[in-house]
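Since each chain comes alone in its own frame, lean on the hints to assemble the complex.
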Amino acid sequence: MTTTNPHPPMRRRRRGTAAPYVFLTPAVVLYVCFLLIPILYSIFLSFRGLRLVSGGAFGHRQETFIGLGNYATALTDPEFLAGFRRLAIYGIIAVPLTLGLALLFALLLDLGAARAKRFSRTAIFIPYAVPGVVASLMWGFMYLPVTSPFSYITEKLGWGTIPFLENPEIFSSVANIAIWSGVGFNMIILYTSLRGIPTDILDSALMDGANEWQIAARIKIPLVAPALVLTGLFALIGTLQVYGEPTTLRPMTNAITQTWVPLMTIYRDAFIRDNLSLAAASSVVLALGTLVVSVVLLRLTQKRAFGED
Amino acid sequence: MSTDVRGASHSTPLLAKAVPTAVLLVGAFYCLVPVAWVLVASTKSRSQLFTTFTLAPGTGLADNLRNLFAYGDGQYGKWALNSLLYAGVGAVLSMIVSTMSGYALAKYRFRGSNVVFFAILGGVLLPGITLAIPQYLLMSKIGIAGSAWSVLLPSIISPFGIYLSRVYAMSAVPTETMEAARLDGASERRIFSAIATPMMVPGMVTVFMLQFVGIWNNFLLPFIMLSDQDRYPITVGLYTLLSKGSGEPALYSLAIIGSALSIIPLVLLLLFLQRFWRMDLISGGLKG
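Chains as they are written, first to last, in the working numbering: chain A, 1 to 309; chain B, 1 to 288.
Only chain B is shown next, with the shape it has when bound in the complex (with noise of 0.2 Å):
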């Protein structure tokens, strides 16, 4: 592939553009090609799911929804509403704490913060996920295990976040700026939510965003914690359907049309903070 555009970026300009915008374009199909299959998939009834082409739109539409919504009293419903806890109520609270931290990382000299720097560091580098388990044992000993503040409070820390929210505070937020404030008599907290946390504000976004989708697609520690089956998250509920569904087939339709349902509020949500969120964040704050 990568050879043609050598090629042709010389000799034919057609090429030139035709070769690299079909790359793109077989990509972006491979990207689509199971999500419109997922959403073809939810139209069909139970028989017509194993039996007529994969791709052809059936006529149960109407019926999943139906069945989805009825299972188990209602419990895809519950399942959406608790993934929305979970990853609004953890994303706005790793939001805050991540811009405090980051700020006061930028922004202030003071002893021990290159060892909270530091740790911080090594916290982005520790597979989050093999804290599950002793996370769960502790949580058990003082009895919230099993709880949504189990699956809250270990997402609302996120070294990430915080080394992103420093790097967008040194270069957002101007220390004459801060100075200024000061000598006109502002204290330290007023400097903060007036004059810094606007300027934040895309890091924040960005934050946020990274953290939603962090905890929405979240699965081994909700899976870890929780037993009733009424405080699942959205991953966890159909991963329970799927399990299910080898022993009662009738649970496949359930299962594909809740996945169907569950991805659409996250794309859109994407597709609509794409506009403020500041990737370069990531890639930009990595050249020091």
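The following block holds chain A by itself, in its conformation from the complex (with noise of 0.2 Å):
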């Protein structure tokens, strides 16, 4: 493909070419119609609402500007907020489990005295390929009592079917679906970052004396830090967003409502109430949420997980 060139390097031939432009049209282009368009659309929407304007014999209902009315309901809507509650209940429960059984799978695979790592690697990586539907279908059937395996042995001890599908389970019993379908991408990001920790770092380690446990804790885990915020970042985003899981479990189960979370919230209002100008604020409610959230944790954390000069 290339040739070496017998004369020497020329000046270098200006480089104000279109080429960066032409290669970044499609993805711009594209950016500017899913994403910019519907967030501005979404802002715009959720100042707009319906307002009683006198006229005639009745008043007709006529869409205006409101102002921040709908964020006014969205913040003051009982459910909303319960919704919020309930995430919060569920994301302690699904977060940390996630990124715990993942930063110890991975330790244990980096692990030069465990066995059958290939196996488990696999094994744990399956789920990541289960729709979060099929995933929730499967669990739903796995609590439902009549087809538990779990209940079958309960009950065959004569201690009775375990409630999987009633509160205060049913949070546990979602983020365990949670908790099944991420463990192993979060395991492969974590066990990837932990080879790549040069090995003259932990031979030097070893040769103090110190142990595997030291060595994980005072050098491995240290160094896969920046892995670990981003994994993080990734479940905490992924928790503010779930909505596919409960709304599954749903035909099973009466602990879960139609405001479960606060995106079934949103749904019902755009879908089912048709008030779409509040489901735009509580949605611009949420992204805002996300962003905040996400910003505070880089900042607590320090660390320069996305930056690069």
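Using C-beta positions, here's what the derived DEER-type ranges look like:
1. A:159 with B:248: 26 to 36 Å
2. B:73 with A:197: 52 to 62 Å
3. A:50 with B:175: 54 to 64 Å
4. A:196 with B:197: 24 to 34 Å
5. B:18 with A:210: 20 to 30 Å
Coverage of chain A stretches by chain B, computed from C-beta distances (three or more under 8 Å per stretch; other residues unrestricted):
6. 104-112
7. 115-128
8. 134-143
9. 175-185
10. 237-243
11. 246-257
12. 261-271
With the C-beta cut set under 7 Å, the calculated list includes, among others, these residues of chain A facing chain B:
13. 34
14. 41
15. 283
Derived by calculation from the structure, the hints in this document are not laboratory data. Model, not experiment: these values are computed from the prediction. In this text, a Cβ means the ideal position worked out from N, Cα and C, and glycines have one as well.
Shown next as structure tokens:
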């Protein structure tokens, strides 16, 4: 492809070509159409609403700007707020366990002593290929008393069925689906990150008499901290967006209401109650919340996880 | 568990092997149980599903398969093809768009490159799902909501894919090689297609795979966009089977065999591509 040039290098040709702009065009066009315009449209909608306009014998309702009215409605809607509380309970179970287990498995895979690593790695990664809806469906049947293998065992032991699909167990049951789906992917990210640690650092620690536990705690975990921050960030964003899992479980249980998590409330407002402006305001609240959580997390950890010069 | 590892590594080497191995195998077991359950349950007839021991295989596999493909004039087959279409075409286009823009952002200095890059980073942090409602409204206005395009087009732009491609292009495409090609008179287009693209293949496979799985697994976007059942992908199709199933338990068997069948090709694809993709992109690109 490239031949060596016999002549001494000439002055570098001016690089002010249109090439980078051409390469970026499809991405920028798609970005504007499917990210930027929808966001702006959402913000626009969130300030609009129906207002009674007097005129004629009866007043009629007309769509106009109503300022922050929708935001006031969203932020004082007890169901929307209760959704965030439920989300918090779910997240407190799901996020630390997903990351903790992913880190534990990654460290064990990186350990010279462990066996059956290839099999375990593949098996733990498999749920990544299973859609959340299918995962919820499978776990849902494993929770349902008539088909649950766990309840089968406890019933044979005379302890009765396990109320997976009732309050308060439902939080752990939904969180379990997220943990099951998320551990493998996060494990692989952390594992590849562990593999990137130079061996001489680990060797010299071994020579200094450090044991595996100390190496993991003092060297490996601090060195994969940027990857941990990133996986933590994705786990948090994923938590705020949880929708498919509780929606799929809903036909099987009464413990999940139509407004169980914020996105379910937004969906109901938009498509069942036909209140698009309120749904738009709630979406903006959710997006801003996510952005704030992300920025706070990145600031707190003081790692420039995305930063490059 | 971890304290055992600490104690074991010095005293008994057997325990030092056994404990980590056992923990990994427990993890593997946890991840495989639902898959095993759904595969076993898919062999059960409708009556066996609720009466026999849950992990004992049944005799209804052939019937279930027949019923599944007969349901709604072969809707399951259509759903599978739709999923393949949305995920396959979407992932290929996404990979091309991401590679081009990641390469441009990594290998050229030009006015506005920072604005584009930070806009894309913002897109990574933005919950993609909250976009689905305004996207639906806008697509309704131009009359393409409900069509395959309404699911396909928003899936092409992937801020994370662009970010990964940029990271990969920075490390995989040497600037000197590009300069040498320029001196030889190669056009920028040719440098990209003949020199840079082959160097970026592992990164491209990674982006393809992440996008394929992401689109295949997506539920909310097609759920919001589509109303015609024949256009549903598998995720939305199985959800409708399940939600109707609470009133019509026969559909439970269909949802189960449908789930079992749907995960097989994706797991195989993942196992196959696992060797080619570069997950260290995600973790390694972050050290800077």
